[in-house]
Every structure is written in C-alpha cells, then in structure tokens.
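Undergrad: Take the sequences, apply the hints, and build the full model.
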Amino acid sequence: MNIGEAGRTAAREIRVHKIRSLLSFSAISVGAASLLYTLAQTRGMQESVRKNLKLMGPGALTISAKEHYTSRGLSKGLTGADADAIRAEMPELYMVSPTARDWNARPRFAGKPLDGANALGVTPEWRRRNWVYRLRGRFLNETDVRETARVCLVVEPGGWFKKPFWAAFWSHVNGFDALVTRRDMLGRHLELGGHDFLVVGTLKLPPRDLDPRLEKWGNPSIIVPLTSYHAFLAGDQRQQTAVDKIQVDTGDEKTLGAVRHRIEQLLSQRHRGEKDFEVKSDLQDLEDMIREQNKDVAVALALGIVALLSGGIGILNVTLAAVYSRMREIGIRRALGAERADVLALFIAEAALLGLAGGAAGVALGAVGIEKLAKAAGNEVVELAWFHAAGMVALSAATAAAFAAYPAWLASRMDPIEAMREER
Amino acid sequence: MSEALVVCENLKRSYGDYAALKGVSFSIARGEFAAVMGPSGCGKSTLLALLGLLDRPTGGRYVLDGVDASSLPDSELTRLRRERIGFVFQAYNLLPRLTALENVALPMAYAGVSPDERRARALRLLARVGLEAKSGRTPLELSGGERQRVGIARSLANSPAVLLADEPTGNLDSKSSAEVMAFLKELHAEGMTVLLVTHDPAIGAAAQRVLRLKDGLLA
Chain A
1 MNIGEAGRTA AREIRVHKIR SLLSFSAISV GAASLLYTLA QTRGMQESVR
51 KNLKLMGPGA LTISAKEHYT SRGLSKGLTG ADADAIRAEM PELYMVSPTA
101 RDWNARPRFA GKPLDGANAL GVTPEWRRRN WVYRLRGRFL NETDVRETAR
151 VCLVVEPGGW FKKPFWAAFW SHVNGFDALV TRRDMLGRHL ELGGHDFLVV
201 GTLKLPPRDL DPRLEKWGNP SIIVPLTSYH AFLAGDQRQQ TAVDKIQVDT
251 GDEKTLGAVR HRIEQLLSQR HRGEKDFEVK SDLQDLEDMI REQNKDVAVA
301 LALGIVALLS GGIGILNVTL AAVYSRMREI GIRRALGAER ADVLALFIAE
351 AALLGLAGGA AGVALGAVGI EKLAKAAGNE VVELAWFHAA GMVALSAATA
401 AAFAAYPAWL ASRMDPIEAM REER
Chain B
1 MSEALVVCEN LKRSYGDYAA LKGVSFSIAR GEFAAVMGPS GCGKSTLLAL
51 LGLLDRPTGG RYVLDGVDAS SLPDSELTRL RRERIGFVFQ AYNLLPRLTA
101 LENVALPMAY AGVSPDERRA RALRLLARVG LEAKSGRTPL ELSGGERQRV
151 GIARSLANSP AVLLADEPTG NLDSKSSAEV MAFLKELHAE GMTVLLVTHD
201 PAIGAAAQRV LRLKDGLLA
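So the sequence lines, in the order shown, correspond to chains A and B. If you use the numbering used here, the first sequence corresponds to residues 1 to 424, in order. If you use the numbering used here, the second sequence corresponds to residues 1 to 219, in order.
Computed footprint of chain A on chain B, listed as stretches where at least three residues anywhere in the stretch have a Cβ under 8 Å from a Cβ of chain A:
hint	region
1	42-56
2	69-78
3	81-87
4	106-120
Calculated from the structure, these hints are not laboratory results. Quick reminder that beta carbons are idealized off the backbone N, C-alpha and C, glycines included.
TA: So, in structure tokens, the structure goes:
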C-alpha cells in the first residue's frame with residue numbers, strides 16, 4: 001500500500017472539491033466543538049466540586065429551623081443555646097456556628113439610610129469554613145460575643161475578574177455596595193437598628209467569576225456578633241434568641257452519620273419532641289446539585305456526540321458521492337497496479353484529512369466558545385489540557401475515517417473493467 | 001520457436017448463459033508482435049481483460065511469464081499486473097488532474113519506487129516519446145496523439161514483460177496513428193512483446209501474427 005500517494009491524492013481532491021470538502025469539514029468541526037465544550041463543562045464541574053468540598057469541609061452539616069412550622073408551644077425554636085448545647089455535648093467538633101440573619105437590615109451611614117444590606121449575626125467559629133474573603137482589620141472574637149459588643153465587619157463586593165457580556169445589562173448597584181466600594185469603612189461607624197456599631201474589619205469578596213463556592217448568592221453585607229444581633233437587631237422576644245441555622249463541621253466524613261444522629265437526638269430532647277428543625281448534610285446537597293448537573297452534562301454530551309455523528313454521516317455521504325464520481329479513476333488505478341488497500345486508503349485518507357482539519361478548527365472554535373459560554377452560564381472556566389485538544393482532533397479524524405470506511409470499501413471491491421467503462 | 005510468454009489453453013469466459021469466449025488456445029512468444037482482430041462483439045475486449053489480469057476466466061488456463069494466473073488470489077494478480085503488464089488504452093485513461101509526468105510516474109508509486117527515482121524515470125520515458133517539454137501539462141492541455149504517447153510512456157513505467165494495446169489508434173487521426181504505431185514497432189524492435197487488439201486491418205498488418213476471433217473462438 002502506498003500511503004504517500006493516498007495522502008497526496010487526498011490533499012488534491014480536497015483542494016479541487018472545495019464546497020464538498022467545506023461541508024464535511026464544517027460538520028466535523030461543529031461536532032468537535034460541541035464535544036469539547038461538554039468536556040470543559042464536565043471538567044469545570046468536577047473542579048468546582050473539588051474546590052467546594054475543600055472549602056466546605058467533608059463533614060459539614062446544616063441544622064436549620066423548619067419553615068412554615070406551627071409550634072405547639074413546647075419548643076422555643078432553634079436558638080443560640082442549641083448551638084451551645086451541641087458544643088458542650090460534642091467538644092470534638094471542628095465547628096459549631098449558629099447564625100441569624102436580617103435580610104432587610106436598613107443600616108444608616110452619616111444619617112443616610114442605605115438599601116440592599118443584610119446583617120448576619122455570627123460567632124467567631126463562622127470563619128472556619130467557606131472562607132473566601134480577604135480580611136482587613138480584625139474578625140469578631142469571643143470577647144465581642146461575650147460583651148455584646150457593638151462592632152461589625154462590612155463585606156465589600158468582589159466585582160469581576162473578566163466581566164461577562166451580560167453583566168453590562170445588569171448594572172444595578174445597591175446603596176450599601178456603592179458605599180463600601182467607594183469608601184474605606186474600616187474604623188467608621190454604622191447605625192444598625194438605631195444603635196451605633198464600629199466597623200472593626202472589612203471582608204473583600206473574591207471576583208464573582210473566580211469565586212469557588214457553588215452558592216454565590218446570599219453573601220452577608222454586615223457581620224455582627226450573634227449576641228449583639230439578638231440584643232440590638234432582633235425584633236420580638238422570640239427573635240431575641242432565635243437562629244436561622246447552625247452549621248456544624250465534624251471535620252471528618254466518617255463521623256458524619258454518627259454526629260448527625262446525636263444532634264437529632266439532642267435537639268429532639270431540647271425541643272421536647274417538636275420537629276421544628278431539620279438536619280441536612282451539605283455533602284448531600286452537593287451531591288444533589290452534582291446529580292442535577294450530571295443530567296445537563298449527559299444532555300450536552302449526547303448533543304455533542306450527535307453533532308459529531310452528523311458530521312460523520314456528512315462524510316459518509318460526501319465519500320459515497322466521491323466514490324461514484326471517481327469510478328473510472330478507481331478502475332484506471334487498479335489497472336495500473338493499485339491494490340484494493342490502495343483504493344481504500346485513497347478515500348479514507350481524504351476523510352481523515354478533513355476530519356483532522358475539522359477537528360482542529362472545532363478545537364479552536366470550542367476553546368474560544370468555552371470561555372464565552374461558560375462565563376455567560378456562570379460556570380467555572382477550566383483550561384483544557386493539550387491532550388484534550390489532541391484527543392478531540394484524533395477522535396474527529398477517527399470518526400471521519402470510520403464513516404468513510406464503508407464507501408471506501410465499496411470502491412476497493414469494484415471490478416476494474418466495470419469501473420473503467422464508467423463515462424464521467 | 002523462442003520461449004512462450006503468454007500461454008492460453010482452452011480459455012473461457014461466460015457471463016451467465018452468455019459465453020463471450022468459448023475456449024481459446026494460443027501462445028505468444030517473448031518478443032513477438034501479435035494482433036487480435038475481429039468484428040465487434042467477437043470477444044476481443046474480454047480476451048484482453050483476461051490477458052491483462054483484470055478479469056478471471058471461467059474455464060481453461062492462462063500462464064503469463066511462467067506463472068499460472070488462473071487461480072491466483074487478487075493481491076497476487078495485482079502484483080503480477082503491476083510488474084509484468086503495460087496497458088495502452090483506446091481512450092488513453094490518463095488521470096485528468098495529474099500532469100503528464102505524474103501520470104507516467106503513477107504505476108511506479110504502486111510498485112514502491114522512490115519519489116526521486118519515479119520522477120527521473122518518468123522524465124526519461126516522456127523524453128522517449130518526445131514529450132519531455134510538456135511533462136508539466138495535464139491531459140486536457142495535450143492533443144489526442146500526445147495523450148496516447150503519454151499513455152505509452154506510462155505503460156512502460158514498470159518495465160513490463162508484455163504490452164497490451166487496446167485499439168491504441170482508435171481515437172486518433174492518421175498522422176497521430178502513424179506516430180503511435182511507429183512507437184509500438186520501435187518497442188518491438190527493442191525486444192518488447194506487444195499484443196495489439198484492433199478491428200482495423202491496416203493497423204493489424206503491422207503485427208507479425210494476427211489472431212482472428214469470431215464469436216468467441218479463434219478462426
């Protein structure tokens with residue numbers, strides 16, 4: 001078999017039949033780009049899950065007050081005291097962090113009200129997990145909590161590392177964010193619930209597109225000690241002890257089940273049998289999220305494969321047409337000593353070359369598209385390794401060659417006499 | 001009589017119920033110039049296809065250069081065809097997108113000759129048929145006579161044992177016909193075995209021996 005002759009002829013045929021070649025080339029390149037995008041998405045997802053697990057901790061549990069629960073009057077609801085009880089019962093836990101939030105804090109600065117801020121009451125342990133901030137000044141400490149100190153931290157928005165195009169259409173900045181972005185708040189005073197709070201620290205969020213957390217919404221604006229929250233920001237008496245959540249980290253995935261069971265027992269006792277709370281594993285949440293995302297990836301993958309296969313079918317069609325339009329040539333080549341394998345190679349080489357070029361173009365298209373599309377979708381942007389690109393090009397060439405195999409085989413089986421009689 | 005290059009014994013070829021060749025026996029000596037003549041439909045083309053190893057007989061035996069070709073597998077037939085047979089076709093059968101040089105070099109590519117050697121040999125062959133200056137032209141840029149000369153040069157590419165010429169002057173004017181015949185005679189004079197198929201008595205007269213076919217049998 002003469003591979004060189006097959007390659008040269010293939011290149012010449014591609015050059016001569018530009019439209020035909022362009023069709024095959026485009027079909028394959030779109031397929032390759034789609035598949036590559038899916039690959040990037042999958043990798044991005046895996047990467048973000050990995051980072052999240054690291055941030056979240058493997059043994060994360062969230063205890064939250066059940067929504068729409070009507071109390072029978074036996075339980076006080078989820079309170080800071082529950083968190084203390086958990087801590088006392090299980091001192092080995094890495095983190096027990098109760099939080100209470102006022103979504104509409106309405107702080108005032110220099111006498112002016114600011115919209116768009118929420119206040120979060122926390123204990124110092126809050127910072128042990130999901131910490132993505134850059135701290136200036138200091139964080140809250142045990143003394144702040146013990147002394148119900150009127151101190152707070154403000155959270156500055158991170159903006160974008162590379163702003164996606166859609167962000168330009170959604171440019172509303174609330175009063176609070178505008179203030180903390182413009183002005184250094186460290187050491188200044190904010191009025192919260194009619195009381196004066198000293199800003200002891202600022203927390204800068206990472207740029208939104210580089211934030212590794214899966215849940216990027218719901219960032220706090222102002223962070224205060226939980227005790228101060230209860231004393232100065234909470235409304236009625238019930239709210240003056242209530243917490244929305246208690247986040248627990250066992251520090252180890254293995255102990256998750258046991259700890260969860262003990263917490264449920266302890267809280268059931270404390271709440272006198274009222275099921276006004278629920279305990280969820282964050283890992284479980286993440287797994288649910290992954291399962292949802294996996295469905296999307298499966299759909300995208302199927303689309304990518306369909307696109308590549310359509311490209312292959314395009315190649316099949318074009319090769320079939322080429323075989324019939326070159327019957328006489330096939331006969332002549334066979335008469336001059338070409339073996340069946342030479343004829344086979346002639347058509348497979350042409351398809352593989354187109355597949356190779358289409359694959360390369362698809363990779364280029366995909367690489368550009370991935371960055372744009374992934375950002376538009378708010379996904380993690382992942383650099384693809386060279387072997388992904390090389391693999392995709394090889395897969396495109398292989399798909400094209402595989403689909404050209406049947407028509408090429410037909411060509412190789414042609415009777416040279418019959419083929420030479422063909423008038424074209 | 002010198003050694004037989006082509007030996008056919010009771011060679012038959014049928015297509016279903018129709019017998020195109022009904023048992024033909026003859027031999028051609030090395031260095032002989034023979035012509036097969038007969039009216040159209042007498043089985044000339046069928047015989048040439050069998051002799052050129054492009055088709056298989058349905059009966060009888062065909063020995064080419066000492067090799068019994070009747071029962072060889074396809075790959076062996078291809079190899080034998082490539083190494084021992086040169087074809088000259090009535091319709092030239094040049095590949096239209098290749099230059100004269102590339103057309104002449106093509107059989108050598110399949111014989112595994114190196115690109116440099118192919119080019120050098122193809123140029124020599126084109127020089128031999130007087131077309132060295134037109135080696136870069138495609139068949140469409142050549143006259144009928146020139147195309148057939150390229151065809152002859154190509155048939156000699158792998159130094160075959162026998163030249164099979166199927167109505168080589170059928171598409172040519174008288175001047176070009178004379179030129180082509182002169183070439184074939186010259187090759188024969190140098191020792192080449194030539195088997196010519198024609199229906200033109202004037203062309204057949206150039207051969208040393210004429211085999212007359214009629215209704216699938218030698219007359």
